[in-house]
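Assemble the whole structure, with the sequences as input and the hints as a guide.
Chains as they are written, first to last, in my numbering: chain A, 1 to 357; chain B, 1 to 217.
Treat the hints with caution; some may be incorrect.
Here's a subset of chain B near chain A, in silico, CB distances under 7 Å, partners left out [stated by the list, open to error]:
| hint | residue |
| --- | --- |
| 1 | 6 |
| 2 | 25 |
| 3 | 75 |
| 4 | 76 |
| 5 | 78 |
| 6 | 139 |
| 7 | 143 |
| 8 | 144 |
| 9 | 175 |
Because the hints were derived from the structure by calculation, they are not lab data.
Cβ coordinates follow ideal geometry from the N, Cα and C atoms, glycine included.
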Amino acid sequence: MIYLLLFAGLFMGWSLGTNDAANAFGTAVATRVVKYRTAVIIIAIFVLAGAFIGGAGNIDKVAELSTSNMVLASTEEVFGAIENGTVDTLRLKSAIKAAIIFACAGLTVFVMSYLKFPVSANQSITGAIIGWGLCYADYTDPAVLSVNLPQIGKFASTWVINPVGAGIISFILVFFANKFITNHLTSLGSYDRIIKIGYLVAGAFASYSIGTNSSANVTALYYDAAYAETGVAANLLTDARITATIGGIAIAIGVLTFSKRVMMTVGSSIADITQMDGFLVIIAMALTVVIMGKWMGIPVSTSQAVVGAVMGAGLTKGIKAVRFGVMKNIAIAWVSSPTVAGVLAYAIAFLTRGYFG
Amino acid sequence: MFSNKNQKVHELIMEQFANVKSVLFTFEDFLRVACSEESDMDVLRELSNKIFEQEAEADRSLRRMIDSLGNAAYLPSTREELISIGTKCDRIANKCETVCRMVVLQQFRFPSEYHADLQEILTITHKQFKTLENSISAVFSRFNEMLKDHSILHDIRVLESAVDAIEHKLLEDTYNRDMGLAEKQQLAKFVSLVCDISDIIEDVSDTILIMLVTRKA
Numbered sequence: 001m002i003y004l005l006l007f008a009g010l011f012m013g014w015s016l017g018t019n020d021a022a023n024a025f026g027t028a029v030a031t032r033v034v035k036y037r038t039a040v041i042i043i044a045i046f047v048l049a050g051a052f053i054g055g056a057g058n059i060d061k062v063a064e065l066s067t068s069n070m071v072l073a074s075t076e077e078v079f080g081a082i083e084n085g086t087v088d089t090l091r092l093k094s095a096i097k098a099a100i101i102f103a104c105a106g107l108t109v110f111v112m113s114y115l116k117f118p119v120s121a122n123q124s125i126t127g128a129i130i131g132w133g134l135c136y137a138d139y140t141d142p143a144v145l146s147v148n149l150p151q152i153g154k155f156a157s158t159w160v161i162n163p164v165g166a167g168i169i170s171f172i173l174v175f176f177a178n179k180f181i182t183n184h185l186t187s188l189g190s191y192d193r194i195i196k197i198g199y200l201v202a203g204a205f206a207s208y209s210i211g212t213n214s215s216a217n218v219t220a221l222y223y224d225a226a227y228a229e230t231g232v233a234a235n236l237l238t239d240a241r242i243t244a245t246i247g248g249i250a251i252a253i254g255v256l257t258f259s260k261r262v263m264m265t266v267g268s269s270i271a272d273i274t275q276m277d278g279f280l281v282i283i284a285m286a287l288t289v290v291i292m293g294k295w296m297g298i299p300v301s302t303s304q305a306v307v308g309a310v311m312g313a314g315l316t317k318g319i320k321a322v323r324f325g326v327m328k329n330i331a332i333a334w335v336s337s338p339t340v341a342g343v344l345a346y347a348i349a350f351l352t353r354g355y356f357g
Numbered sequence: 001m002f003s004n005k006n007q008k009v010h011e012l013i014m015e016q017f018a019n020v021k022s023v024l025f026t027f028e029d030f031l032r033v034a035c036s037e038e039s040d041m042d043v044l045r046e047l048s049n050k051i052f053e054q055e056a057e058a059d060r061s062l063r064r065m066i067d068s069l070g071n072a073a074y075l076p077s078t079r080e081e082l083i084s085i086g087t088k089c090d091r092i093a094n095k096c097e098t099v100c101r102m103v104v105l106q107q108f109r110f111p112s113e114y115h116a117d118l119q120e121i122l123t124i125t126h127k128q129f130k131t132l133e134n135s136i137s138a139v140f141s142r143f144n145e146m147l148k149d150h151s152i153l154h155d156i157r158v159l160e161s162a163v164d165a166i167e168h169k170l171l172e173d174t175y176n177r178d179m180g181l182a183e184k185q186q187l188a189k190f191v192s193l194v195c196d197i198s199d200i201i202e203d204v205s206d207t208i209l210i211m212l213v214t215r216k217a
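Put into structure tokens, the structure is as follows:
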């Protein structure tokens, strides 16, 4: 029965799949460069590959963030539970807390989408984790402060570093591609071939990056990071790779079942950049997500990276080519998604102190 | 493998264009005869029949070109653009055929005051068509150069404006002539039909322009 709680994370993964697929292949599918069927198969395969190969690293990082924010049990708590014979209770509580975090993030995504605000699912989950921590972690304790404050600072800094980084990478890619590729294609056929191959490679790479980045967000809260030391399962999942792969499967199912509409919408909305720029933007997004994951140690928003990359591509045509007015809505999403999810998680944590405290 | 198939499409597009060119050149002969002092209806009928056959061949080559696209490695949007260019070129041949058929069926004769202007329209249209031929060829063989500089397409537009100006003048003259309204409308219709060819050439050049602008870095 306890495993039913896993469905909250899997549902989050499913919804991430329906949305994030658009970041990988939206433009290609909307402009019919790649068939929808081909796109979803590539996404599903590469998301799974990304989760299996690179997801485990991010699982550990999300688990670390969750442990310092009292969502996951620390090694000491697990040892304490073993001594008291309350491991099963701890396990149940951990799984319920994970489900609550996902419920907060999911509700945020649903309500904000309903109100037509742009929203980031990845950011909502991290926001909810931090919100929970703000209620439970003892911020008067210097030890807690020294761990949690840098985590929060790191998280907030991705709002700037992630899109700016994607913008810089995209600017460089587009600038050099225009200089050394587009201007040297002597026939229409070679132009089309570059576009087609470019979108397939970019889409596969982006799917891989989504697999490594987002799978952690979907299932890391069910992962028992202390298992290696304690040898007793204090949460639903104990193997980082399997945990990430389960997240990848949930995302892949989202891609395969319900991604078409979002893919068409996102693809059309950024179609004002050229086809050549389009796949370079996706490569820039994927590169940024992978680099950020390794460097910052937390999963980042793929949507933020896409927006930054589109702006970077636009800048190669001059400052006037960038619609900075659009930034207002996007900035709202960057700040509001984690904030709303965080406030919700804080409120629930506060109301359930009697049970979890 | 794909590059051979793309090459085939290129060849078939140029083949269709050559067939349309044959129609246009015969049409020019037709109009020259129609605008001569002793226009012979039998010669016109003969030229009209020739155009009919050439137009049918242009149609067939268009179909071959469209069929070949199914095997080529072009993107769907490019295929649509190439089909659009092909069908618009085909409209040039159709328009020539229509004018000839109507002249022969109605045994129509252009007033002698119109001959010089019609010859001028033919000369400009011919220039336009040659420019279009060069630009289509460049899209397939010097694509990067066309992306950077497509002023050649602007030349087509300038030539079309020149035809427009002559058409306007001829239509004004037509409605100021001392003849019945039905005759005026018949004459105006023929003038417009001849000038439509220039419009269609401009349409094709616009399609090429869109093709380039949407791919321009």
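Verification of the hints:
At about 4 Å, the closest approach between the beta carbon of residue 6 of chain B and any beta carbon in chain A falls short of 7 Å, and the interface hint on this residue holds. At its closest, the beta carbon of residue 25 of chain B sits 27 Å from a beta carbon of chain A; the interface hint therefore is violated under the 7 Å criterion. With its C-beta approaching chain A no nearer than about 5 Å, residue 75 of chain B sits inside the 7 Å limit, and its interface hint holds. With a cut of 7 Å, the hint placing residue 76 of chain B at the interface with chain A holds, because the nearest CB-to-CB distance is about 4 Å.
Interface restraint check for residue 78 of chain B: the shortest CB-CB distance to chain A comes to about 5 Å, inside 7 Å, so the restraint holds. With a cut of 7 Å, the hint placing residue 139 of chain B at the interface with chain A holds, because the nearest CB-to-CB distance is about 6 Å. The criterion of a C-beta within 7 Å of any C-beta in chain A is met by residue 143 of chain B, whose closest approach is roughly 5 Å, and the hint holds. Residue-level restraint check for residue 144 of chain B holds (minimum Cβ-Cβ distance to chain A is 5 Å; threshold 7 Å).
Nearest Cβ of chain A to the Cβ of residue 175 of chain B: about 45 Å, over the 7 Å cut. The hint is violated.
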